[in-house]
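Enquirer: These protein sequence lines map, in sequence, to chains A and B. Going by our numbering, the first sequence opens with residue 1, and the numbers climb by one from there. Going by our numbering, the second sequence opens with residue 1001, and the numbers climb by one from there.
The hints are simulated quantities; they were obtained by calculation from the structure and are not laboratory data. These figures come from a predicted structure and were not determined experimentally. Careful, some of the hints might be misleading.
[Unchecked claim] Taking beta-carbon pairs under 7 Å as the criterion, some of the chain B residues facing chain A (in silico): (1) Gly1042; (2) Pro1043; (3) Gln1054; (4) Glu1056; (5) Phe1074; (6) Ser1098; (7) Phe1105; (8) Ser1107.
[Claimed, not checked] Example chain B residues on the side facing chain A (calculated, C-beta under 8 Å, incomplete): (9) Tyr1033; (10) Gly1040; (11) Gln1041; (12) Phe1045; (13) Ala1053; (14) Leu1055; (15) Phe1065; (16) Ser1095; (17) Gly1108.
For every residue, glycine included, the Cβ atom is placed at its ideal position computed from N, Cα and C.
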Amino acid sequence: AQSVSQHNHHVILSEAASLELGCNYSYGGTVNLFWYVQYPGQHLQLLLKYFSGDPLVKGIKGFEAEFIKSKFSFNLRKPSVQWSDTAEYFCAVTIASNTGNQFYFGTGTSLTVIP
Amino acid sequence: DTGVSQDPRHKITKRGQNVTFRCDPISEHNRLYWYRQTLGQGPEFLTYFQNEAQLEKSRLLSDRFSAERPKGSFSTLEIQRTEQGDSAMYLCASSLGSNPYGYTFGSGTRLTVV
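Looking at chain A on its own, in the form it has when it is part of the complex (with noise of 0.2 Å):
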């Protein structure tokens, strides 16, 4: 079965440093990756993606992603993050072959912003 692992269930920061969250999902064919962000009491929202072709995606508010195929990853990436970065993160994957096309996302990561 499809499963996404997220390995940091929760990562405190300070305001400015580096983040990188990881992600790996266990499927031999071809997949669609996703991050999605979830910030307190609200709904889903699109972080980036990635289908085909570079492999390096840039998302909304500063975030990118690196699709590693041989490592089977997505981790997800911010240079400086910020306090307005406090929230849930998820790890997507959709099968490209799946005429279903549901999402098999990972645990989530929350992030903890500090001022």
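Following the hints, complete the assembly by docking chain B onto the known chain A.
Expert: This is chain B only, laid out in the frame that chain A set:
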């Protein structure tokens, strides 16, 4: 608001009662998905519809759960004889076909079973 709407936002119910949630997708989206998100977990797929047809159901969707999309527009998710383990956020999402570009999530319905 042209996003995915879910109603109610919060629902508190006693164990054993039935509850029903509603989801209104983006109007031109023909696919509608239901997910469940429990505390400390990411959303888990429950079921999806293409127009009015329910095409796939997760094994998480027990016999107490039923979903409908009678006219291919809004959808309802009913839970019968609720249990405390049903307490979760129930998320709805919609998309146009299988294209994940426009996949949009609603804000969810938080169910608390006491």
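Enquirer: Each of the hints needs a verdict: does it hold here or not?
Expert: Hint check results:
| no. | hint | in the structure |
| --- | --- | --- |
| 1 | Gly1042 | 3 Å, holds |
| 2 | Pro1043 | 5 Å, holds |
| 3 | Gln1054 | 11 Å, violated |
| 4 | Glu1056 | 5 Å, holds |
| 5 | Phe1074 | 18 Å, violated |
| 6 | Ser1098 | 4 Å, holds |
| 7 | Phe1105 | 4 Å, holds |
| 8 | Ser1107 | 4 Å, holds |
| 9 | Tyr1033 | 6 Å, holds |
| 10 | Gly1040 | 7 Å, holds |
| 11 | Gln1041 | 5 Å, holds |
| 12 | Phe1045 | 4 Å, holds |
| 13 | Ala1053 | 12 Å, violated |
| 14 | Leu1055 | 7 Å, holds |
| 15 | Phe1065 | 16 Å, violated |
| 16 | Ser1095 | 7 Å, holds |
| 17 | Gly1108 | 6 Å, holds |
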